[in-house]
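Using the hints, position chains B and C with the ligands against chain A.
Protein chains in written order, with my numbering: chain A, 22 to 323; chain B, 11 to 404; chain C, 15 to 109.
A portion of the hints provided could be inaccurate.
[Claimed, not checked] What follows is a list of derived Cβ distance ranges for each label pair:
1. C:78 / A:303: 55 to 61 Å
2. B:238 / A:271: 53 to 59 Å
3. B:334 / A:163: 33 to 39 Å
[Stated by the list, open to error] Simulated coverage check for chain A against chain C, where a stretch passes if three residues somewhere in it have a Cβ under 8 Å from a Cβ of chain C:
4. 33 to 43
5. 46 to 57
6. 78 to 91
7. 221 to 234
These are computed hints drawn from the structure, not numbers from a lab.
From the three backbone atoms N, C-alpha and C, an ideal C-beta is built for every residue, glycine too.
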Amino acid sequence: MPFKSIKSLEERQDFFSPGHGLCPGCGAAQIARIVTKVAGKDTIIVTPTGCLEVSTTTYPATSWKVPYLHVAFENAAAAASGIKVAYDALIRKKKISKDANLVVLGGDGGTADIGLQSLSGALERGEHITYICYDNEAYMNTGIQRSGATPYGAWTTTSPAGQKTLKKDLMGIAIAHGVKYAATASIAYVRDAANKVEKAISMGGPSFIHWIQPCTTGWRYDPKLTVKISKLAVKTGLWPLYEYHEGVTKLTVEVPKRVPVSEYLKLQGRFRHIMNKPEELAKIQSYADAFAAKFGLGPVAQ
Amino acid sequence: MKTVEPILLSGNLAAAYAIKQLDVDVVAAYPITPQTTIIEKISEYVADGELDANFMLVESEHSAISSCLSAASAGARVFTSTSSQGLLLMHEILFITSALRLPVVMAVANRSVSAPINIWCDHGDIMPQRDVGWIQLFAESAQEAYDKLIQAYRISEDPRVRLPVMVNADGIILSHTYEPVFPLEDSEVASFAPWKLYPLRLDPENPLTMGAFGYPEYYFETRYQSAKALEDSIGIISEVDEKFGEISGRKYGAVSPFRCEDADVILISMGSISETIRATVRKLREKGEKVGMMSLKLFRPFPFKEMMGLVKDAKAVGVVDRALSPGAIVGPVFNDITSALYLSKMSVPCVNFFTGLGGRDVRMADVRDMFEKLKEVAKTGVAKEHRFYVGLRG
Amino acid sequence: MKRELPRWDEMEQGFVTRTLTEMVNKTGTWRTFKPVINHSRCTKCRWCIIYCPEPCIHMEVSGSDEKIMIDYDFCKGCGICAEECPVKCIDMVEE
Ligand SMILES: Cc1ncc(C[n+]2csc(CCOP(=O)(O)OP(=O)(O)O)c2C)c(N)n1
Ligand code: SF4
Ligand code: SF4
Ligand code: SF4
Ligand SMILES: [Mg+2]
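Bound conformation, chain A alone (with noise of 0.2 Å):
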């Protein structure tokens, strides 16, 4: 059922507890929050290791109000299609009776980086598992060093000087696996993205949802923007939110108008120093406008 209102939103049950040690306004937590609002009791949430996994397990406390795995930096994938293929077994073998939802929520780094060969083979054998990546473009757990998803221009401590790579195309991996649903989602779009997770976990088969996460700390900016920025990567054409499936995208938020990329960028420390490079700029704006292109999105409003 999809999400009509808030209300039904809101009116879910909720499985995160208050009391965890993210940032004030960290990205993060909406997404897990949300996540196991929709997912749901019988869940069993898997993460690898990074800010979310660090933030919200500080022995002897613990976040999650349901059953929660985490394993290692780089097999979040492999550790979550263990679980829902021992489930499948025991319920088989008749040894239990009830099953459960296996979702991921990896980090950038844990998913396109070190955990991407554990998540490929996951993909591939078919596994009935839903693997949400909470994008927030760098290793932030360890203090904000570029990975695989930074940006191009983007300030990290080992891109001092701006990241001179594009972000890997996290969602065309995904696709060429031939998982049965995958979709980009952004927080500022809550019912947009509570859909998705819904329909990714009713699959049945690997779904992947890949959800941009600002974060306060390494994109320097005042906490309380979070959901502008995720708003504003969609306006921009940045982050298109659309959804694959049976072989078919499809946009899920239309954007008639869009915004230009440096009212993004300039809320952001982590572009500050190419604010003033036009042609820095102008770079970026040219990847926002190919997503526009691909998708379908409108022209930038002047």
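Relative to chain A, chains B and C with the ligands alone:
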């Protein structure tokens, strides 16, 4: 106890046969010589409906062990096997498995490590795993590999233990050599090692968090908890061995001594090399030489007490290491044994023999040479040199 | 108050845990600005509840009466609720 017909099996096929009888739920593994025929045979059992398991064809050993760990956290009985580079690739996750107290059972067909790449036997793969917190059993025959795997599940799943177990068998030498193996009946295996749903598992009806972050004020206690469980498992391992003896007529002990009672010199070894040493002892004894040997069947937890009584009257002790420990002053097995001797206030001279690397044959003549060295040491009461590289050219 | 730390054998096997962070970590102490709701203007749209990252805003229902409540034990003062409230009825007040 019934008399059963033996079946001709290699070490690997014997392992696969045990896994079939143990009714494992999830297998996750990746091919590597010389372990591969275990998983090929298990795939066949699964395809033929002889084993009701889900076989995960993962993309690496790292994922194999990760999936086994997590499947065990969901309550399933799991199995994996590997060798050499595969075991090294698993290394990181081995620590996590024992700290989370998950009963993963793994067969290791021991093989050298690269470089150079070499597919034959030595203990170079297992020695870097000394401190991962797993129970480590060593087999000397296909029969023993079979028996130890059945014991392994009962040990591992015991609520007092809840630790992962490795069953080591020398690659090629044991993994690929056929010998008559006496299996138990399926029903005997089922009642010896019955599976039970463990309450500490990932279950939405009883949510819990596994693998939390540990600040300094908790880390030490968590690590100690699993280290202590490993230390204490020695009693349960021997209890399981006894019980296994009752149904099969075969029990192995943590150490298996041969002619040690009145021996002047004793050679201690691990794995298939022990067979050659035993045969040599038999020969030398015929000539009236007072030699003895001891095979280590349990490497972790180290059977310190079980061993000491056996060497107390010896005049010289030799230890065979089938792996190097570059930069260390002694080999890994020697290290443990001499620490044990020191703590028992025994000052018997000891000699470390390095041999059998990368599948190099260790013949009875080599073992005789080792005993000759030991006899010299026994005569003078001092070991002038403590390391010998048996069979090394140059 | 200093907590008694457990001995190694008082911790659950494999250090599994079930104690919720809401029982032990009162993150409200992190805050420098405090969100204050002007209830008379609140339309009960629930956007603040949905966006709060902790989450620490909820709807208190008594009979037919609904009221948005912030649990200040946990509110870190990020200001997202105030920023996103469509009618701007939340003020961030320095503590
Ligand atoms: C094998 C291994 N290498 C490196 C690390 C150190 N490490 C832990 S978390 C992390 C970065 C996590 O980045 P990401 O996946 O993007 O998650 P985030 O912290 O940004 O949420 C790194 C490098 C590790 N734990 N394990
Ligand atoms: S560093 Fe970024 S991702 Fe990590 S907790 Fe802080 S805001 Fe969240
Ligand atoms: S967002 Fe504003 S108007 Fe809506 S419920 Fe919250 S306080 Fe009330
Ligand atoms: S300020 Fe932030 S933490 Fe506090 S109630 Fe508002 S959204 Fe939640
Ligand atoms: Mg990241």
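Quiz item: At the C-beta level, are residue 78 of chain C and residue 303 of chain A separated by a distance inside 55 to 61 Å?
Solution: 57 Å, holds
Quiz item: Do the Cβ positions of residue 334 of chain B and residue 163 of chain A conform to the proposed distance bound of 33 to 39 Å?
Solution: 35 Å, holds
Quiz item: Do three or more residues from the region 46 to 57 of chain A put their C-beta atoms closer than 8 Å to C-beta atoms of chain C?
Solution: It holds: at least three residues are needed, and the region 46 to 57 of chain A offers 7 whose Cβ sits within less than 8 Å of chain C.
Quiz prompt | Cβ contact check, 8 Å cutoff: the region 221 to 234 of chain A against chain C, three residues minimum | solution = Since three or more residues must qualify, the claim that chain C covers the region 221 to 234 of chain A is violated, with 0 doing so at under 8 Å.
Self-check item: Coverage criterion applied to the region 78 to 91 of chain A (partner chain C; beta-carbon cut 8 Å; 3 residues)
Solution: Holds, because 8 residues of the region 78 to 91 of chain A bring their Cβ atoms closer than 8 Å to Cβ atoms of chain C.
Self-check item: residue 271 of chain A and residue 238 of chain B - C-beta distance against the hinted 53 to 59 Å
Solution: 57 Å, holds
Exercise. Establish whether the coverage given for the region 33 to 43 of chain A by chain C is satisfied; the threshold is a Cβ-Cβ distance below 8 Å, and no fewer than three residues must meet it.
Key: n = 8 at 8 Å, threshold three: holds.
In summary, the one numbered hint that this structure violates is 7.
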